[in-house]
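First residue of the sequence shown: 1405, per our numbering; consecutive thereafter.
Calculated directly from the structure, the hints in this document are not laboratory data. Because the structure is a prediction, the values reported are computed rather than measured. Certain hints may be false.
As the list claims (entries may be wrong) - The following label-pair restraints were derived from C-beta to C-beta distances:
1. Lys1466 with Glu1522: 41 to 47 Å
2. Gly1525 with Arg1461: 42 to 48 Å
3. Arg1462 with Val1529: 19 to 25 Å
4. Gly1511 with Leu1489: 36 to 42 Å
5. Thr1530 with Tyr1499: 16 to 22 Å
6. Pro1458 with Leu1519: 41 to 47 Å
7. Pro1458 with Pro1535: 25 to 31 Å
8. Val1529 with Arg1483: 24 to 30 Å
9. Ser1422 with Glu1522: 25 to 31 Å
Backbone N, C-alpha and C define an ideal beta-carbon position, used for all residues, glycine too.
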Amino acid sequence: MSNEPRFTLTNDELTLMSVFSGLTGVNPITCKIVDDIVYFLISDEDIYTILSDPIMRREIRKNISGRLTNEKVLKELSRIISENLNKSAYVVAYYPDPIRFLRGFFGLNSDARILMSESAGRKVVTIQVPPNRKGALIGRGGVRARA
């Protein structure tokens, strides 16, 4: 048996991926629904593809002042997708480097430490944040920790 992760998608997730693709012009890598929150995983390079569309760029740019960063674009894109789907949605960029991916997924800045180790043949990640940021990291009811 292979060690590759297996993903199964429900009909709802496949439909949401199709809607996402229609709105942005980008095919998400995957989509997961956890506690009525939709998570879309896109390639980090797809951020530039989305911004190359004049309509999406204008929509994203409306509420972002200053320089466009990947974090700002993903946050605004999440808002736009949530509005169109009428449910909470988060768009997350996939990075091959697990540390960078986790920083983006949890919205961590430089005050957080991410430690990776191996235990019983599995990778274990420990994220250390200041006490005042723990709630934001875990999310209401632990939803971000479960995603």
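Inset, instruction - Check each numbered hint from earlier against the structure, then list the numbers of those it violates in ascending order. - result: 3, 4, 7, 9
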